[in-house]
Every structure is written in structure tokens, then in C-alpha cells.
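Since the structure of chain A is already known, use the hints to place chain B on it.
2 protein chains.
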Amino acid sequence: MGGDEGVRVMMAGVALARHRHEGLRFTLFGDEARIKAALDNHPNLRAASEVVHASDVVSAGDKPSVAIRKKASSMSMAIAAVKAGEAGAAVSSGNTGALMAMAKLALRTMPGIDRPALAALLPTLGDNDVVMLDLGANTECDARNLVQFAVMGAAYARIAFDLERPRVRIMNIGTEDMKGTEEIRDAAAILRAATSLPLSFDGFTEGDKIGRGEADVIVSDGFSGNVALKTAEGTARFVTDLLRTAFTSSIRSKIGFLISKPAMHLLKHHLDPNNHNGAVFLGLNGVVVKSHGSANDKGVANAVHVAARLLEEDITRRIAADMAGVSALSGVASKQELAAK
Amino acid sequence: MGGDEGVRVMMAGVALARHRHEGLRFTLFGDEARIKAALDNHPNLRAASEVVHASDVVSAGDKPSVAIRKKASSMSMAIAAVKAGEAGAAVSSGNTGALMAMAKLALRTMPGIDRPALAALLPTLGDNDVVMLDLGANTECDARNLVQFAVMGAAYARIAFDLERPRVRIMNIGTEDMKGTEEIRDAAAILRAATSLPLSFDGFTEGDKIGRGEADVIVSDGFSGNVALKTAEGTARFVTDLLRTAFTSSIRSKIGFLISKPAMHLLKHHLDPNNHNGAVFLGLNGVVVKSHGSANDKGVANAVHVAARLLEEDITRRIAADMAGVSALSGVASKQELAAK
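In order, the protein sequences belong to chains A and B. If you count the first sequence from 1, position 231 lands on 215 in our numbering, and the numbers rise without skipping. If you count the second sequence from 1, position 86 lands on 70 in our numbering, and the numbers rise without skipping.
Among these hints, one or two may not hold up.
[What the hints assert, rightly or not] To give a feel for the contact side, a few chain B residues facing chain A, derived at Cβ under 7 Å:
#: 1; residue: I194
#: 2; residue: A216
#: 3; residue: V223
#: 4; residue: S233
Please keep in mind that the hints were generated in silico from the structure rather than gathered at the bench. All values reported here derive from a predicted model rather than from experimental measurement. Every residue, glycine too, gets a C-beta built ideally from N, C-alpha and C.
Here chain A stands alone, though its shape is the one from the complex:
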């Protein structure tokens, strides 16, 4: 959906992803006429796609309770296709709250998982990105939720970064054991005891260390995770805005800018949110990826790539297997918690 321009960008992005994943086939839900018009520019994609008309539209302002009744919307139909086994994964750039509500209702939460979480990759100065979750699906979280997020995030990191035992940390306001809420300290105690899980729990981290490359997964409740994500985005934009102002402040600095252009391009590439587009709802019986509403074709291609990778590596099965390890250890963990009190 999203008007002529929105459909064009979406199709261009899917066409890019099609080049990267030759085997994929696509079902494109939305305004049939607009999609078909946009596909004229992408014969390769057209050959691998089926177009299905969606007569309803979920708008950005729709409350989730209103949106879930729109069964003929593109996001509802895409999720229904995943549920029916006709599609492996759904990718949407629509209203996040609506997408989350529909996905939960239709696909249900996985056995062993109490609540799904929204996860995304963020850039670091290290060898790989970092998986952050939850980014806003759950305003308040207990220790069980946080432990489950750790397991799900680690499963994602193993796929995304090809690691055996991703380094997991919990976001806190200090790194000492006594810092933070009871929920956080309890989750840390459980993870410390669960040594057989395919992850290395390294304790707490703080907001200023997200991009340092010291962790492969950072776990937080959805409120502070959302605040951290948006603050990072806002600050990156703030600094680049200042940089632009500085470079246009004099003739001399404008000349300097022209000479430094390749360097600035490198910076821009690193900070371009399109390179990290595609947030995943982890913990559902099916893969659902949210693409940012303002993503360009490269960004959309990234979101489709994320969905394809999680599907190829069967993330749902991996999480289920890992959660079995947590259940077996929960008796030990509880004793640890009691001992810590």
C-alpha cells in the first residue's frame, strides 16, 4: 500500500532481494493495479510473483483494535498466508502496533514463550552488528520475559552473525550486580545459571556501550529498548545535522567538505538506517518482519533478506529447542535466585 510511490519503492526493494535470493517466490498483497504497474519495471520479480488484491487499508493512525478487524488489508492477508502455510514469512511496512496485534492473534505465541519481542540489528564498531530486543512490543517485562528474550535474541544472533555462542548482556543503569530492578537482577541470575544454553551471558551493559561491539545481543524491556533505539537514531541525526551546519559555515569548510566527500560517503553509509532495516517479531509461530515506513529500495531489500535468512535457518525451531534447555534448568535457576536473596 502507501500510494504509487510507496508501492514503487516496495517493488524495487523486493526485486533487489529477488536477485540476492534466487529461490524465493513472492505473493504481493495490496492495490493490484498499482502493484502490476510497478512490476512492469521488474520483469524478473514479476516472473517469481503472484499479486493478490487487498481491498482494505490499515492507516498509520489505526489503533490495533480497529486494524485487526480489517481482514482484507495487505498485512492481514500476508499474515494469514503464513498461518495457512502458503507463505514462509510476511514482510510489511505498515503500522507496527497493528502488525504486531494481527501477528499475535493469527500466528499465536510459540510454546514456551510468554510474549513475542521486536528485535533489530544495530551497527557497532566491532566485527558484527548487535541484536537488540525488545524494541517496544512489551512495555513492562518480568524476569521470565527477559530470559526468553535472551534465548530468542541469541538464536537470531547465531543466524545473523554465524556464531556458536553469542555474547548476551542485559541493559541496565550500571554494571554492578546490585543495580537495576528486581526483574533484571532475577533474569541475570537465571541466565548465569543456565550454562548449557548456546549463549554466553556476560552480565549487564549500559546505553553508552550499545555500539561498542562488546555484546552480540542486548536484552531490555520494550520501554527502555524503544527509548534507547530512538535516542540512538535521534542522536546520530543530531550529530550529522551539526556536521552539515559546520561544513556549510564558511567557504573554507565547504571546500574541505568537497575534498572529504568520499570520507563523508563512508560515514553516511555506516549510519544509513536502510542498511539495518527489518525488525523481526520473535517468538511467534511464523516469521513476521517490519520494514520501516521511510525505507528506500535497499532498505526494503534488507527487510526481505532478514525474513529469508530467518526462514532458511528455521529460527522458530531453533528457539523451541533452546527453550527446552531453559525449562530443564528452571529448577536450578530458582534455587540460584533464592540463594541470591
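Same frame as chain A, now just chain B:
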């Protein structure tokens, strides 16, 4: 304290502040010999100072419960001087948790305030900085706490930015009324009803809008406030690190950097945390300011300036007067809350 170098930087900073606030007098608590040696370079400051030896040291790793027993530490003695009325304000660059615990214990919370909060100024692209609070003093907060933070933050903003009615927003994970926790929504309802307060409550804001200049005060619980502050610091450093890498990636970009140096200096000045050094504990019967442990002389001078301004403008009295307005309105607010449910 903080070794020879720490004392030298602290004294150089206080000397700078002495130039800006001619009338101020200082009592300098710490290692007497080191302080006196450092004062040799600042005869002006020496003439306006008294040195008092502190035989105890609070270290960075001391738990608050251990630190509060160190009565002969510089931070404990400085706070005791405020309590005794011998000093108007205390400034320290020591352990934040210890300083907070000592200040609460000795100075007590103001009438009408349940919990003090840590507030600081952050840079924006607007006309003035923004007051953010709480930055970590209170891990969990209820609606009453958040309302009190709003009143205290507004009192600070009126002094720092010379405004009549600062624009106050609450940090949330969306700007719609239904977003966030119950505590946040209740606090918003109370502030919306309290129209006679000397502030303009403008609803919610999000992490990506902290630096936009759309609010003069941003209120949050101490957990997400701390996450936001540290994420902003970490991201600014991340971007400038990338920038440095980009500029040293080729001969061409190095030349560009040399030419752009004045522009880069402008950027560095804007992002230098020393220009925003000095976090205040608001809500105590006395002014206590925390200077960052890694601040340079300009940073220390800023922290002293913050303390001096709050003292000159009598922030404690202002907050007390404003809180009377909230109490008178609390009946109305409760009805509003009920109506909203």
C-alpha cells in the same frame, strides 16, 4: 580528591568559576596538602577560599551503604556544610550513588516531594538546552513521582533558560494518549489538569526528539532516563569515531580534514560534554551538584556555575511554591484520572 591530577583539574575549574561569579566564596574539602599545592597556581581563588582537610576517601567502587559511614570524606563534609548553613551548595565529582545517598540522608527530601531526582542539561538544535530528569536516581517511579519531577524540572528550566512557562513533555514510546505505562498516562492526566502551574504540559515525546528543541523539560523514570542519556552519549561518540576513521582513511580525506578543521572544531565544541557538565539533585533541602569524574577545568567550572545559578535563584523555594499549586489541584487531577479510565 582523585589524586594530584584530579585536584589540579578541580582547582583550575573552580578558579574559572570564580572569575564568572565574583561574589562566591569556596570551602574546599579534600587532601589539604594537594589542594594547597594546586592553589599556588590560582591566587585569586586562594583569596576566596578556605581549605578543610578530609581524611576519608570514598572510592568509585564503594556501595552507598559503605560510603555514608565515611563522615570525614570530602563529599560528606561538603554536604554537612550545606546542612549546617555554612555553605549554600555542594559540588562533587565523586561516586554518584554515594553522593545521592549522603545528600538524601543529611539534607532530607523537601516537603511535598517524595523522591529527589537527578537532572542535567542536554544540547538541542533549538534556542536552548533541554532539562532531562530523572537520570538514574529512581529506578522505578509512580505517577506522583513523575508529576513532581515535572514541577522540579520546570523550576530548573525557568532559571536556566529564563522562561516563564517551560514546555514540559513526558518520555514515552509513542505520542498517542494510550501509549506507555499506567504511571505515565496517569502523570500526563494530572499535568494536563494542573493548568495553573508555571509550565506548559505538551504531552509525550520520544527518544529521537530529545535534541530537537521541541521541549524545555523531558520527564522520565530514572531507568529509561539513564538509558537515554547514556545512549545519546554513546551514539555521539560512535558517530565521531566513525568520522575520525573516515577522515583518516585516505590522503585525500586527511587533506579535507585539515582544511575543514575550523568546522570540525565547531562540531567538537557542540558535542563536548564539558559544556553540559553538572547534574543536579533536585528536591532536597539544599543544592547538590554532581560533576562528571572525567570533566576538564571548563567542565568543573560549568558544574560550579550550575550550583551558583540555582543558589542565586533560590530553586528550593521556587519548587516549594510550585508544589503548593499541585497539592491544591490534586483533587481535580484525581477526578480527571477517574474520568479517563
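Right, here's what the structure says about each hint:
1. Because the closest C-beta pair between I194(B) and chain A is about 6 Å apart, less than 7 Å, the hint holds.
2. Using the Cβ-Cβ criterion of 7 Å, the hint placing A216(B) at the interface with chain A is satisfied: the shortest such distance is roughly 5 Å.
3. Interface restraint check for V223(B): the shortest CB-CB distance to chain A comes to about 4 Å, inside 7 Å, so the restraint holds.
4. The beta carbon of S233(B) is positioned within 7 Å of a beta carbon in chain A (closest approach about 6 Å), and the interface hint is therefore held.
Violated hints are absent here; each numbered hint is respected by the structure.
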